[in-house]
Amino acid sequence: MSGDSFPLNLTLSRFATGSCEATTLFHELRKPLLRYLTALGLSLEEAQDVVQDAFLSLHKHLARGGSRENIRSWLFRVAHNQARNWQRSYARRMAEPLDPGLDATSDQVTPEQAVLAKEKFRRLDRAVRLLQAQERECLMLRAEGLRYREIGEVLGIATSTVADTVERAVKKLAETCNV
Amino acid sequence: MCDGSDRLIAWMDGELAPTEAAVIERHVRACKECGERLSTYEQVSREFAGYYAAMQSAEASKRARPLARLLPVPAAAAALAVIVLALMPHPGRKQVPAVPQVEVAPPPPVVQQTSVLQFKPAAKLRVATRRKPPDANWTMAEPAIQIAIPAEAIFPPGAMPAGATYIASLSLAPDGWVQEVRLQQRF
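Just so you know, the protein sequences line up as chains A and B, in that order.
Heads up, the first sequence is in this note's numbering, so the first residue is 1 and it goes up one at a time.
Heads up, the second sequence is in this note's numbering, so the first residue is 180 and it goes up one at a time.
Since the hints were derived computationally from the structure, they do not count as laboratory data.
Treat the numbers as computed from the prediction; the structure is a model and nothing was measured.
It is possible that part of the hints are untrue.
[Stated by the list, open to error] Pairwise CB distance ranges (calculated): (1) Glu204(B) <-> Glu112(A): 35 to 41 Å; (2) Ala114(A) <-> Ala200(B): 37 to 43 Å; (3) Glu212(B) <-> Lys118(A): 29 to 35 Å; (4) Pro111(A) <-> Glu204(B): 38 to 44 Å; (5) Lys211(B) <-> Asn81(A): 41 to 47 Å; (6) Lys211(B) <-> Asp53(A): 49 to 55 Å; (7) Glu199(B) <-> Gly156(A): 21 to 27 Å; (8) Gln222(B) <-> Gln134(A): 28 to 34 Å; (9) Ala117(A) <-> Ala201(B): 37 to 43 Å.
The beta-carbon is built from N, C-alpha and C at its ideal position, and this holds for glycine as well.
Model the full structure from these sequences, guided by the hints.
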């Protein structure tokens with residue numbers, strides 16, 4: 001967690017406006033950011049620290065009068081770049097298969113359905129780990145609802161590259177999983 | 180056979196300009212093969228979205244499960260004590276008897292976790308995270324013997340990643356007694 005302080009030369013109205021906006025965005029985007037960061041391999045604690053730092057950066061950005069456009073991709077980009085500091089976590093995550101945390105004891109899922117769902121999860125997990133990092137990241141951000149332009153802003157690549165990467169990644173998954 | 184459109188997924192995602200999207204739409208309606216491809220891509224996208232949504236809980240459960248990770252040193256120390264006690268020589272004996280898993284090896288590589296046990300002839304064990312030398316002139320002996328212990332032999336199933344191994348390095352005193360045992364976790 002960062003111990004940075006806010007600049008003190010802000011006018012109260014601007015500070016309050018920025019703070020309110022950041023708070024609203026925090027409620028909207030905290031969970032998607034946590035989901036993305038844990039998918040990248042960070043532990044929940046690490047992801048929470050990164051998200052907190054990202055919102056602190058956002059608050060400063062807004063308080064400085066920074067652009068209010070594309071805030072979602074701005075936040076994802078900051079979080080993504082900070083997550084890169086945890087390269088070991090990322091490598092570890094991709095080295096170990098994930099076990100689906102599906103609740104087989106739930107009343108709404110029969111044991112057969114639970115087994116099938118787990119098998120599907122494992123098959124997809126194996127296929128996802130065969131993708132290149134950028135392909136995985138594009139798919140994750142796409143699943144998070146980001147547009148290609150926003151994904152490009154997060155990853156620092158052209159929108160056309162995102163389109164090509166998503167196309168390639170989906171086709172690879174379709175082939176590997178025999179869908 | 181239709182070569183297909185390399186913009187099917189971008190079209191599916193609503194990422195194409197209206198004119199290009201209209202061309203793809205006409206093609207998909209006319210081409211059965213591309214229509215089937217589109218269904219496949221939609222299914223893969225849905226499955227990936229479900230997988231992605233489940234990753235967080237899967238990751239959390241994976242990390243929460245191995246509670247025994249918090250207890251590797253005491254558990255390993257207990258298991259090791261049994262092994263070492265069996266290896267300890269009788270007074271006057273000069274060499275540790277050969278056992279199947281014992282091999283002479285150079286010092287181990289990367290040390291991730293270390294626990295030091297010190298042994299005395301009276302078989303009194305002391306577990307210390309920070310070892311203090313018995314006297315000022317004491318120097319650490321080179322490990323003479325290493326024993327590979329599979330993690331499955333020490334921990335309950337699932338507590339440790341598959342393939343985790345402990346290396347126990349035994350240093351012998353001049354009189355043949357085990358002077359020091361260094362337990363190292365190697366993944």
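Problem - Supplied distance hint 28 to 34 Å, evaluated on CB atoms of glutamine 222(B) and glutamine 134(A) - result: 23 Å, violated
Exercise for the section: Starting from the range 35 to 41 Å, see whether the pair glutamate 204(B) and glutamate 112(A) falls in it by beta-carbon distance. Expected result: 39 Å, holds
Handout entry: Hint check for glutamate 204(B) and proline 111(A) - Cβ pair distance inside 38 to 44 Å
Key = At 43 Å between Cβs, range holds.
Handout entry: lysine 118(A) and glutamate 212(B) - C-beta distance against the hinted 29 to 35 Å
Key = Given range 29 to 35 Å: holds, Cβ gap about 33 Å.
Exercise for the section: Using the beta carbons of glutamate 199(B) and glycine 156(A), state whether their distance is inside 21 to 27 Å or not. Expected result: Once the Cβ atoms are compared, 25 Å apart, the range 21 to 27 Å for glycine 156(A) and glutamate 199(B) holds.
Practice task
With 49 to 55 Å as the target window, see if lysine 211(B) and aspartate 53(A) comply at their CB atoms.
Solution key: 51 Å, holds
Practice task
Kindly confirm whether 37 to 43 Å is satisfied by the beta carbon distance between alanine 117(A) and alanine 201(B).
Solution key: 38 Å, holds
Problem - alanine 114(A) versus alanine 200(B) beta-carbon gap, inside 37 to 43 Å or not - result: Since alanine 114(A) and alanine 200(B) have Cβ atoms about 40 Å apart, the given range 37 to 43 Å holds.
Exercise for the section: Can you let me know if the beta-carbon spacing of lysine 211(B) and asparagine 81(A) is within 41 to 47 Å? Expected result: Once the Cβ atoms are compared, 45 Å apart, the range 41 to 47 Å for asparagine 81(A) and lysine 211(B) holds.
In this structure, the one hint that does not hold is number 8.
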